[in-house]
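Enquirer: Using the hints, position chain P with the ligands against chain R.
Note that the protein sequences, when read in sequence, are chains R and P.
1 is the number of the first residue of the first sequence in the numbering used here; add one for each residue after it.
1 is the number of the first residue of the second sequence in the numbering used here; add one for each residue after it.
Heads up, none of these hints are tricks.
Chain R residues, not near chain P, derived (Cβ > 12 Å throughout):
1. Gly202
2. Gly235
3. Leu293
4. Gln301
So the derived list for chain R, only partly shown, Cβ under 10 Å to chain P, looks like this:
5. Tyr34
6. Glu89
7. Gly123
8. Gly151
9. Glu154
10. Glu155
11. Val189
12. Arg190
13. Gln191
14. Pro252
15. Pro319
16. Ala322
One-sided and incomplete, this derived list gives chain P residues near chain R with beta-carbon spacing under 10 Å:
17. Met57
18. Ser60
19. Glu61
20. Phe87
21. Leu89
22. Trp124
23. Gly127
24. Pro295
25. Cys297
26. Pro298
27. Thr306
28. Leu307
29. Phe309
Note that these hints are calculated values from the structure, not bench results.
Heads up, the beta-carbon is just placed ideally off N, CA and C, and yes, glycines get one too.
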Amino acid sequence: MIADPQQHGVEQRKALLYCMMRIRCVEETIAARYADQKMRCPTHLCTGQEGVSAGVGCALRSDDFAVSGHRAHGHYLGKGGDLRAMLAEIHGKVTGCCRGKGGSMHLVDRSVGFVGSTAIVGGTIPIGVGLGLSIQLRGTDQVSCVFFGEGATEEGVFYEAVNFAVLRNLPVLFVCENNLYSVYSPLAVRQPEGRSLCGIAGEMGMRAERGYGNDVLEVYAKAQQAILSIREGTGPVFLEFATYRHREHCGPNLDDDLGYQPEDERQLWLGRDPISRFQRSLLVAKTITDRDLDAMAVALQRDVDEAFEFAEASSFPEPTDAYEGVYA
Amino acid sequence: MSRVRTYAQAVNEGLHQAMETDQDVICYGLGTPDPKGVFGTTLGLQERFGVQRVFDMPCSENGMTGVAIGAALNGIRPVVTHQRVDFFLLAMDQLVNNAAKWHYMFGGQGSVPITIRLIIGRGWGQGPTHSQHLQAWFAHIPGLKVVMPTTPADAKGLLISSIFDDNPVVFLEHRWLHNAQGDVPEGDHRVPLGEAATARTGDDVSIVAMSHMTVEAIRASDHLKAQGIGCEVIDLRTISPLDWATVLASVRRTGRLLVADTGSRSGGVGGEVVARVAEELGDVMKCRPRRIALPDCPTPTSSALTLGFYPRAAEIAQAVGSMLGLPSGADALEAQRSGPHDVPGEWFRGPF
Ligand SMILES: Cc1ncc(C[n+]2csc(CCOP(=O)(O)OP(=O)(O)O)c2C)c(N)n1
Ligand SMILES: [Mg+2]
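Extracted from the complex, chain R is given alone in its bound form (with noise of 0.2 Å):
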């Protein structure tokens, strides 16, 4: 499906811009001061993937559940996350989302429903089932969505889950971003030549869809159907959406030089940037004008600054902290 840029309000586009835009210089400013040693844990930035994380957070109502994996940030903020909880958890500090506990891996923000990150691969894809389960149990019209990289669907446990959802019949939504790369390894060395998650996905018996994840309004646009139908009962549905990691899998750097993405590939999926190609498109249809665009980005960027110095202003826990709440 090719997203039409006028079918959705002006407002509408607008925000996801403004939102792939907020993840985008988040991560960037991240990256750029990472060297500072201040952001002292394991962090996966998913610069390049921003229009899966605003087109379906957006589509999403902040009472809708969400849980994801180690590339989180972006997931976190599209679902509405605290930034200056996010910012402070990544610095350690005790006004952070986890208060220290968890870092950039472990996010959390339950106020808008964000449920839960974690590190081990497809370890919150049964969760976001059980998050399901537990919607039906309730009778509201909740939707959990579950955000997980095309790795994960090698592990087992992503098809004990699905089965369970599809056989439960339960308001989930998996989204599946597939950027081609599990670390350093290609999908190449991971699933044979031509395999379709999605043929499988609709095999094991849900609505299954392939998008275009660097196109923001066809990722709302699929993700808004999706939930709607999942919010009338028809059960889970699974979308996945091609794009593209920009920087190193962990860490602020680019790692073009380790030579694991072709240069060729590399190049191709950099033109297609997400955000480069919906301004475009919003400046040609005089959505926006390039002044909108450098005021947003001078916004942001000061936003996100301020962020970054409330992350640093603020205290570390006491050390004592550390041992507080093993059990509930």
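Expert: Positioned in the frame of chain R, the structure of chain P with the ligands alone reads:
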């Protein structure tokens, strides 16, 4: 002539040597042939031995452990590597229900010569799911061997022995040891499984340690020696089967036991050593045995929260001093340390 290598290089040499020695040795795991080669430990293997014997794998820890077991039942010797212990937890079923039991439950028909290399993370915010020390879990399972080398030479020698052992071996490498340097013998250097090493000799206290805690124990021991206190540092090297003869002989001589465990306190290897020594030598001990271990608590991420979380040489020295009723000078030992507490040295700048 000395032949200095890092621990990571020693592991790499061990893998090359084993694959050279025996065509049936294969090596796989997430990232095994990638450009970083699992912290350098698997670099060059695929180029040397080809894609049939050295390969990447899907994110399928449990399935791929079972695959290793199946191949092993037909004579292949797989070495499977995981970048963290924590990721391997998905495969506990295959390891515990199949690998550890096969030889026993089929009345000795078939054995499972697999080696599972697992890396223990620490520092730079590795946190609750990237820095677990679970040797006690593995050691609790009869039928598994559990190896935790401290020195580069032992890393190589124990790895080759693990690969050629006819049983499943869990081979635990501490991330903070990968850059440690030491003499590493050339060629097919083997160190037998199940034998502890005496890293320092002394008459006053036996310190039983493993992996990175051996490094801390040696630091404490060298410091205490200058204060006139003699510590015998026993590096277990193999956690299961454990070399009780060496441990008991040492404690019989010194009459004092301190265990320095990299794992958490309750239900740990440290507790097991204390219990066994108490059972066998309780009436010849000159003071109560002590153990130093991690708190019974998940690892927090924030560097502020890991301050003091990991016991170090100073805590060991202090414990020894209090066992003997002598001053330990532990403060001076602590004062010698410089740089942030959450990295092993300048070479490590995160993120992994
Ligand atoms: C069970 C498990 N195995 C391996 C890892 C190491 N690891 C962390 S992220 C990652 C990549 C997974 O790829 P994918 O799901 O496609 O996510 P992406 O990084 O591409 O966003 C791997 C293998 C892990 N965290 N957990
Ligand atoms: Mg991926």
